[in-house]
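Model the full structure from these sequences, guided by the hints.
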Amino acid sequence: MNFESNSLTLKIWDRSTIEHTLETAISHVSTKANAPRDLVKVTRSGPNLFTVSVTGA
Numbered sequence: 046m047n048f049e050s051n052s053l054t055l056k057i058w059d060r061s062t063i064e065h066t067l068e069t070a071i072s073h074v075s076t077k078a079n080a081p082r083d084l085v086k087v088t089r090s091g092p093n094l095f096t097v098s099v100t101g102a
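Count along the sequence shown from 1, then add 45; that gives the number in this note's numbering.
Just so you know, the hints here were simulated from the structure itself, not pulled from any lab data. The beta carbon of each residue, even a glycine, is placed where N, CA and C say it ideally should be. One thing to keep in mind: the hints can contain errors.
Now the in silico label distances, taken between C-beta atoms and shown as ranges [said to hold, decoys possible]:
1. T62 x T88: 31 to 41 Å
2. T88 x H65: 12 to 22 Å
3. S61 x G101: 27 to 37 Å
4. G101 x D59: 23 to 33 Å
5. L94 x S72: 17 to 27 Å
6. S61 x G91: 24 to 34 Å
Below is the structure:
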């Protein structure tokens, strides 16, 4: 896991935990950035690699 400013990069190996892990990451980034969850996006950046970040909207 890597956290830089308003984004978080995760490598998730267990497919059964992807949804729960991403929901938790969205909440974490939203809280850290003091932004509504609506402005948080998830991007799949590789096999098992996801980036959760706040959009500029």
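Right, here's what the structure says about each hint:
1. T62 x T88: 31 to 41 Å: For T88 against T62, whose Cβ atoms are near 18 Å apart, the range 31 to 41 Å is violated.
2. T88 x H65: 12 to 22 Å: holds, 18 Å
3. S61 x G101: 27 to 37 Å: holds, 33 Å
4. G101 x D59: 23 to 33 Å: holds, 32 Å
5. L94 x S72: 17 to 27 Å: At roughly 20 Å between Cβ atoms, S72 and L94 fall inside 17 to 27 Å, so the hint holds.
6. S61 x G91: 24 to 34 Å: violated, 19 Å
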